[in-house]
Amino acid sequence: MLGQTIVNGLLLGGLYAIAAVGFSMVWGVMGVINMAHGAFIMVGAYVSYFVFATFGIDPFLSVPLSMAVLFVLGYGVQRLLLNRLMRTSLLLSLVLTFGLDLVLVNIFLLIFSADLRSVNTFYTSRSFALGPVLIPYVRLAVFVFALALAAGFYVFLNRTKAGQAILATALDKETVRLMGVDPLKVYALTAGVGAALAGAAGSFASMLFPISPSMGITFIGSVFVITVLGGIGSIEGAVLAGLVYGLIQAFAASLLGVNFQEIVAFLIFLLILVLRPQGLLGKRFYGEVA
Amino acid sequence: MLKARFAPLAALAMSVLALIAGAPDARAQNVLKIGVAISQSGTFVREGEFLRDGYQMWADKANAAGGVKVGDKNYKVELVIYDDASQAQTSAKLTEKLITEDKVQFLFGPYSSGIANATAAISERYKILTIDPMATANNLFTRGYKYFFCPAALGNTGLWPVVLLLNQATPKPATMAIIGPDDLFPNNNAVGAKEKAEELGFKVVYTAKYPKGAPDLSTVATGVKSAAPDVVLASGYSQDSILLVKALRELQVAPKAIGLATAVAVPDFRSALGPAAEGIMGVDYWAPTLTYSDRYFQNSQQFADEFQKRFGHAPQYHAAAGAASGIILQAAIEKAQSLDSTAVREAMLQISGQTFFTRYKFMPDGTNSLATLFVSQIIDGQPKSVFPTDIAQAPYRYPAFK
Amino acid sequence: MSLPEQAILPASRGWLEGTQRLAMPALVLAVALMLAAPFLVGGYWVRILTSVYMYAVVAQGLNVIVGFAGYHAFGNSVFFGVGAYVVGVAVTLGVPVPIAFILAPIVSMLGAAIIGWPLLRLKGHYFAIATVALNMAMGDLIINVGGVTGGAEGLPLPLGSLSPAELNRLIYYLMLGSMVASVLLVMWLARAPLGYALRALRDSEVGAQVMGINTTLAKTLAWAISAGMTGFVGGIWGYWINFIEPGSAFDIGVSVNGYIMMLIGGMGSAIGPVIGAFFFEILSTAIWGQFVKIHLLILGIVIILVVMLMPEGLLFYLQRVFRAREKRG
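Residue numbers (the numbering used here), protein chains in the order written: chain A, 1454 to 1743; chain B, 2 to 403; chain C, 388 to 716.
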């Protein structure tokens, strides 16, 4: 039972981690809290579902497609809407993205209706045994792919020019102008990448959960907690926090009862905010936006 | 110049015409208005639309037969339908609007006991009779409301048919797990099931309540696995039932039977699970194989065929329940020979009989003492009624899975 | 300064020129209409107006903590829910209704003071999302506690002996009274030492401390006042609606809507939230009536438009329009 709990928590934590990385990045770099992140995940899930239902292509293979679609969406939203707010109160971005979330969810409700849809491949619900513990194939695959993607993103940030531009802008958006970097373009790029990661998370989620237009709600709460727990703007933090979060939930559920797992998560959230706002691995200058 | 002078005259003429066109016909028919605040969007949109189509089916049949007869007048049935977006507060607001603005004489209730809780308070205050076949939570009927009726079986009996089936199975399973989301209807089901199970000698070795929208049930499945029950009963809705079955399979939990309080009838469920749905049992309020009859439908198959023709898809039990509610209301109105809610309410307690959906005889608390449920099992990809044996289409399979 | 001028006067901005002559008679007419409304219009509209007044108070509560103190409490709806449940539980336990109505804001204020001690130390975004988390946590807490609160199944209240018309009228006047009281409260706050302290700390917390202002006390008081207002109308709502469940009592939409109304009307002025509430409720009712299936979609678009085009609110937008016209004319 203990082993199974650990496995359950870790595997799910991988998915949560990738769901949170994009959100954390966007917040850390631009100070934008994207309330529509859950909706982005939902869109990614639908893209994969649609491709699967129409062409029979496995969602793992359609991840690049959902990432591309979401990149365009995220980039567009930032470029056209949010960039204008960057000079005024950033807290307005919260309200705006809340409105965006409403729009996205309802558009999808109109198109797809609230019918539950699910992706069933030949390996769905199958698992193999590793000692006393059962490991479902899908969850393991999601875990591996999610971490690989996070690692890839880390490399992108630290080794490519575009990535470094993003990191530099987060550090000091005035000085980067002197280096020939336009912060607004960087913001748009960051938003696009953040959304793309959400799209990937959605594709993965489509393999584990039934899809509906309102599925984003179940993610956004966890994403918040993980972001803050890991440290706003830190990818390693988000990944670590995602795994920790998955474990905490699994243990809370098995020790206290499943209906306690939400409360435990919130308590942790509030505690972190009060005791250690920079989270596990956060750096002080990230997220300290006025 | 000419145009300018005529413009005000033209405007006046048009306004007068508009007024005349819009004015109510002085020789208007007698109309029986029934209000419906129901989920046409949001979480319960599917079920809400099934239910609404059921109400509409009755309205159409009644009108085709000349309307509802009171005294020497024939009343045309008109449904006034609003979308409550699956929100209790919205439904309550709409119910009040229906009563005070649209001046409906009766109400057909919303889908979901939670929402009905809010609307029943309104209709009770205004003393307007409401029939709601999908408001089956027991607490709705312990509050002393006089104007709220439900023809279908109540929540606490939701899983009883499965328990009774298992009681007859050979070899009889010894241990049972009961799980479900923490919500009104599922809790009713779970508590009722546990009582019945223990009464019949089953040992309930594991129970769990998970949050309503929980995205992941692997911890519950882990708990079930370590308790290793012979059979698993689940009291939740479609979405979490799908998650649960998947989680159980992932962890290779292999009970001899899985019984759900709902969902097997709904096509989404079967297509979402694919082959994993095979053998799962669920509780149904209705199937086209029932043989009750009433003035409009000789049996349930006829209802199913006509519904299919009218709406383009096969009916689910919600639709059947909705149509039956209309038939019952009509019977009560005709017995009371009045459209006054209080008189019709008295009549509701006096009538008894059959609709294609169920037999009925109402108690003063608004419940139907003759309501029944039965078990369906997915056999070869299709739900078939398997219990009680007198209405079974096929024998049940136990152990349910190979 | 005349009464209407004080109401319209934004907390730290200039005057609303050109409309002062209209202000007094307009206000009198408005108040008279509102008092007479239950006798002039049908039940449905009375209900709509009651909602408007309720939201105006929620928006006004936000005005105090956001507009004056600069602490963006997105999750302020938590106090709405607390108020509702206090009334619900109290009435279920047999407490007389008027006492329950008084208990609701008291509990909310105490709650804000207690939870404010750790939370108000957070800045900006952190505070905002902490309040959102608080809101969600309260809902979960109720579900877990269950028992007399009804838990996940909700809490039905006894029907009471008032007829629907009487009840609606009572609630209408209660909400109207709350709204008027909230406007007067904010008007007082604008000219009281506390109000100046809050605005000082909003503009620079460190600066305010340097000037000797007890910022901790000031912001805690502000949040307590905000919570009390929100809790009061939350309690009345609970009684009115007759059935309280965690999902709708702690609905984050209550604060988001309130926030938008405050934005639309203009932060920092006493009457801004009221204007915002009227505008928003009328707009959403009209949309809802016409576009039943897509009203949430349209609402989302409206939110986006408001934030993009009028982030400072209708009032200031109009102000600028008037000023521009005067310059040209």
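Keep in mind that the hints were calculated from the coordinates and are not lab data.
Think of the CB as a built atom: it goes at the ideal place given N, C-alpha and C, for glycine as much as any other residue.
Treat the hints with care, as some may be off.
[Claimed, not checked] Residues from chain C shown here face chain A by an in silico Cβ test under 7 Å; the list is partial:
hint, residue
1, ALA524
2, ASP527
3, VAL694
4, MET697
Structure-inconsistent hints, enumerated in ascending order: 4
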